[in-house]
Structures are given as structure tokens and as C-alpha cells.
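**Q** Listed below, chain by chain, are the residues.
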Amino acid sequence: MDQSQPRMSIVVFTALIAIILQLVVAPAITLFGVVPNFIMVAAIITALRNGPVRSTVTGFLLGLFFDLCSLGPMGAMTLVLTILSYAVSSLNRGGFAGNIIIDLFTMIAAVALGEFLVSVIYAIAGANPQFMLSLVQLVLPAIVYDSVIGCILLIVFNEAQRGRKRRSGPTLGSGRSLSRKLNKL
Amino acid sequence: MALLSQTPKKVTGGILAIVLCVFSLGLITLWSYEGGVSPEASGIIHSARGAISTVVAPFNRASSIVGQATNAVGAATDNFTASPESLRELQAQNEELAALVIRLEESRLENERLSELLGLAQAYDLEATAARILSTSIDSWNQTITIDKGIEDGLAVGMPVMSPNGLIGQIESVGRYNSEVRLLTDPNSGVAVIIQGSRNEGVLSGSHTRLLYLSYISLDVPVSPGDAIVTSGAGGVYPKGIIIGEVTSVHYLPSDVFQTIVVKPTAKVKYYEEVLVLTGRPSEVTYNALIAMHGEDYLNANGANGANGNGNGNGNGNGSAAPANGVGGH
Numbered sequence: 001m002d003q004s005q006p007r008m009s010i011v012v013f014t015a016l017i018a019i020i021l022q023l024v025v026a027p028a029i030t031l032f033g034v035v036p037n038f039i040m041v042a043a044i045i046t047a048l049r050n051g052p053v054r055s056t057v058t059g060f061l062l063g064l065f066f067d068l069c070s071l072g073p074m075g076a077m078t079l080v081l082t083i084l085s086y087a088v089s090s091l092n093r094g095g096f097a098g099n100i101i102i103d104l105f106t107m108i109a110a111v112a113l114g115e116f117l118v119s120v121i122y123a124i125a126g127a128n129p130q131f132m133l134s135l136v137q138l139v140l141p142a143i144v145y146d147s148v149i150g151c152i153l154l155i156v157f158n159e160a161q162r163g164r165k166r167r168s169g170p171t172l173g174s175g176r177s178l179s180r181k182l183n184k185l
Numbered sequence: 186m187a188l189l190s191q192t193p194k195k196v197t198g199g200i201l202a203i204v205l206c207v208f209s210l211g212l213i214t215l216w217s218y219e220g221g222v223s224p225e226a227s228g229i230i231h232s233a234r235g236a237i238s239t240v241v242a243p244f245n246r247a248s249s250i251v252g253q254a255t256n257a258v259g260a261a262t263d264n265f266t267a268s269p270e271s272l273r274e275l276q277a278q279n280e281e282l283a284a285l286v287i288r289l290e291e292s293r294l295e296n297e298r299l300s301e302l303l304g305l306a307q308a309y310d311l312e313a314t315a316a317r318i319l320s321t322s323i324d325s326w327n328q329t330i331t332i333d334k335g336i337e338d339g340l341a342v343g344m345p346v347m348s349p350n351g352l353i354g355q356i357e358s359v360g361r362y363n364s365e366v367r368l369l370t371d372p373n374s375g376v377a378v379i380i381q382g383s384r385n386e387g388v389l390s391g392s393h394t395r396l397l398y399l400s401y402i403s404l405d406v407p408v409s410p411g412d413a414i415v416t417s418g419a420g421g422v423y424p425k426g427i428i429i430g431e432v433t434s435v436h437y438l439p440s441d442v443f444q445t446i447v448v449k450p451t452a453k454v455k456y457y458e459e460v461l462v463l464t465g466r467p468s469e470v471t472y473n474a475l476i477a478m479h480g481e482d483y484l485n486a487n488g489a490n491g492a493n494g495n496g497n498g499n500g501n502g503n504g505s506a507a508p509a510n511g512v513g514g515h
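Just so you know, the sequences run in chain order A and B. All residue numbers for the first sequence refer to this note's numbering, where the first residue is 1 and numbers rise by one. All residue numbers for the second sequence refer to this note's numbering, where the first residue is 186 and numbers rise by one.
Hints are computed from structural coordinates only; laboratory data are not their basis. Ideal Cβ placement from N, Cα and C applies to all residues, glycine included. Treat the hints with care, since some could be wrong.
Stated by the list, open to error - Label-pair ranges, simulated between beta-carbon atoms:
{"#": "1", "chain 1": "B", "residue 1": "Arg288", "chain 2": "A", "residue 2": "Ile155", "range": "56 to 64 Å"}
{"#": "2", "chain 1": "A", "residue 1": "Gly163", "chain 2": "B", "residue 2": "Gln278", "range": "51 to 59 Å"}
{"#": "3", "chain 1": "A", "residue 1": "Lys165", "chain 2": "B", "residue 2": "Asn279", "range": "35 to 43 Å"}
{"#": "4", "chain 1": "B", "residue 1": "Tyr362", "chain 2": "A", "residue 2": "Arg7", "range": "32 to 40 Å"}
{"#": "5", "chain 1": "A", "residue 1": "Arg162", "chain 2": "B", "residue 2": "Tyr457", "range": "42 to 50 Å"}
{"#": "6", "chain 1": "B", "residue 1": "Tyr401", "chain 2": "A", "residue 2": "Val120", "range": "35 to 43 Å"}
What the hints assert, rightly or not - Listed next, the stretches of chain B that the computed footprint assigns to chain A, with coverage defined by at least 3 CB atoms under 8 Å from CB atoms of chain A:
{"#": "7", "segment": "282–290"}
{"#": "8", "segment": "421–429"}
Said to hold, decoys possible - Covered by chain B, per the in silico footprint, the following chain A stretches (three or more residues, Cβ under 8 Å):
{"#": "9", "segment": "15–23"}
{"#": "10", "segment": "135–146"}
{"#": "11", "segment": "150–160"}
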């Protein structure tokens, strides 16, 4: 439990920052009618750095908060972020885990899938009467905007994590600190 | 927190994901069961959203400050990059507008005198309350604004919201101290309107591009760019005669049944800081208007009490026609 505590605090911190950015900054930086989705980006970043259980619960809670603050179908973003978080964290456990290039591609693919799924759920729930038009006028610009923001934040997050690891001492293989590895042994 | 600290050995991620997905689907179903995007929707989810909007109100106020800052930066950039030609053009426009303001002021004063004579000032004394815009939608899918008035100020779901330049939307969710307004430009919005010149009725709906589309206007109806679009009053939600926008383009194919008419809204939310919420129900407004024009005895004699009594669609539609036409004559 002690080992997971520091990373848990990072997850909570990331989620809180994402919520504040979504509520305060996102409405002010709308571009061509597209509001950036910091909450989706935060859920994907969390999924890229954590296991399926923690990622899925984080994605679910972030989506639930987003849905409560929005006027769209309640549960739409909750469902999408739960699926995305689980899928990304499950896929990201192989040999490429931690590779920034792979992470960036995963971010773009996850954002594209997430925005598309949201448009489909909105259409099924009757809240997106112009489904085909929305793909061009809303989904595509949203994918581009969210991907750019997601990639920037992922690089920043990665650098911050590397800086923290450098400060905390030498590391082994997958990135855990040497002292923790030794304790585990 | 305890659940988050579980290792995959204790709780399988897949099973957890399935459970949470089923729960999410249940939420979507419950939301749809409560009425979905309809303004009449009510239930536990819609109430929860009202409560949450009260909790996040401080963040909305912060968002308002950030929005003003970004607008100021944008304006400064525009001014800095403006060419001498565009500056000269703006100066010419400014002079034109100054002259127009003087003419409009004259018209307004004249209108006030005529309204006083006919008692229409009382009729159009719409019960309303001003509210400040706190923030816009936090997602791309809903074109909404948050205002700083709520249940405590007498607001309720369904009340129309106006700006100085015309109608902008309707309250969809109301919290204790703030409310969410769905804008007319939202794809889920719809309002019964008439073309001011030809008096033909249609339905105006929003789109993702924030333009309005006028539907159900047949090919034989003459419509041209510049025609004004106003509310028809049908349905009893919006009072009759409120300006919404003007036609910008009309196109159709010979095989079409209806014309495709694009309408540009006159009221653009991003230019306003305050809005006006019409707190009097349209049926009450209509009834007051009829009393002002004809007197209560006249209404009793003609059986027009139904316009106020039940507040149904028929009463609203019929009742609102009289005062609006009266004003149009001025």
C-alpha cells in the first residue's frame, strides 16, 4: 500500500488539475466552437501510467463529474472514459510501456476513438440530431484540438515524472526506484 | 480511495470495467427516461445537475474572468494587426452608427409616446430579471451558458432568455443560485418562428456551426436574404414577435419539398455580459396584453379567459397575436 501511495497522489492531483482546467480554462479557449476536453486527456494520461483497475476507476469518476457538469446525456462521457481508460491501460502494459513515441500515438488514437464514441452515444441518446454533420463540423476539429493539447500535456507530464525520478535516486528497468526494488526483494 | 488502492490481483480490471460500463449505461437509460434534452425533463439526474451547478459556481465565476482576459488579448491582437484601410472603414462605420443611434433614439421616444397612448407599455411590461453570464459550456456538444440567477431569484426551467438584440435561448437546468441556458444555436434547440415580411411559419433549429436553419418553408414562399425572423408565439414557450435573426442564404433543388434557409442570429452571446430572463409565463404576458388593449370586460364577453386560465398552447397562440400585431403597426 505504501508503494502505491505516492503514485496515487499523482493520479488525484492530475484529476483535480484536469477538473479545474475544464471548468475554468476550457470555456475561454474555445476554437471554432470546439471546447478542449482536458478531462479526457487526463484520463488517457492516467491510463498510460497506471494499471487497469486504477485507470478504469479514475476514468469513470472523471467522466461522471464531466457528465454532471454538462447538459448532455448523463453517463455518456462516463461510459466512454471507462472504456478508454481500461483499453489504454491494458494495451500499454507490453514492452513499449513508457516509450514516449508510442504514448503519443496512443494518445491521438484514444482521443479520436473517444470523440467518435461520444458522438455515437449522443446520437443514440437523441442528443445529436445531426450525426453525419457533427463528424465533420465537431468531431474532427475536436480530435485535432484535443490531440494537440493531449500531446503537449503528455510531454510535460513525462518530463515532470522523469525529473521526479532523477531526484528520487537511481532506477531500474521499468522505472521503479532502486530502494523500492530492494525493499520488495 | 480504498478501491483505487486495490491491486489487479484482488479486483480484475476487466470485471470492474464491465460493472462500471453497465452502471454508465444505466445512467444513460435513466437520463433518457427522465426526458433527455427536453426542457420538461425532470428527475433525480436533472436535480443532481442543478445541485452540482451550484457547487461549481465559483469555478464558473473564475472562468468568466479568464474569458474576459482572453477576449481582451484577442481584441488587442486585432487592433494591433488592423490595416489602415480597415481602420478607415471602421471610422466610417462608427459615424454611420452614431447617426443611426440618434435616429433610433427619436423612434424610441416616439414609440414610447404611442405606446403610452394605447396602453401597450403596460402590455409589454414583461416580467423579467437581469442576470450576468458566468461562463459558457464546458464541452463542445452543448451550446449553453451559465447565468448567476437561480431558484432563489424566481427562475425556473423553460423560461426564455433574451439579450438586447433578441432571443438567445431557454433555461434548461436551474440551481439555487445559478442556471444553465441552452442557446438557440444548439442543435437540440427548436423554436416556432415566422418570416416577418411574408408571415409564413416555420421551425428554427440550431447547428454545430452556430448558424440557425429555418425548416418547413415550401418552395412557393418568397424568402430572400435580409428577411427578419421573429418568434411566432406558437407552443407557448416564447412570447410572440421577438427578433431572432435574419436570413443570410436561401437555396433548394427543384426536387426539394422545402427550402434550405440559413439564418444568422442577431444576438451573439460572446458579445454580452448580461442577459434578461423573462420570468412571466407567456400566457400571463398575453393575458395582460389583451386586458391592456381591450379591457377585462371585452375578454370575458369573448371567452378569452382560456388564454390565462389553463395556459395551454392554443390559448397562448391565439392570445399573443393581438398585441404583437398592434405593436407592428407602429
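**Q** List, from low to high, the hint numbers that the structure doesn't satisfy.
**A** 3, 6, 7, 8, 11
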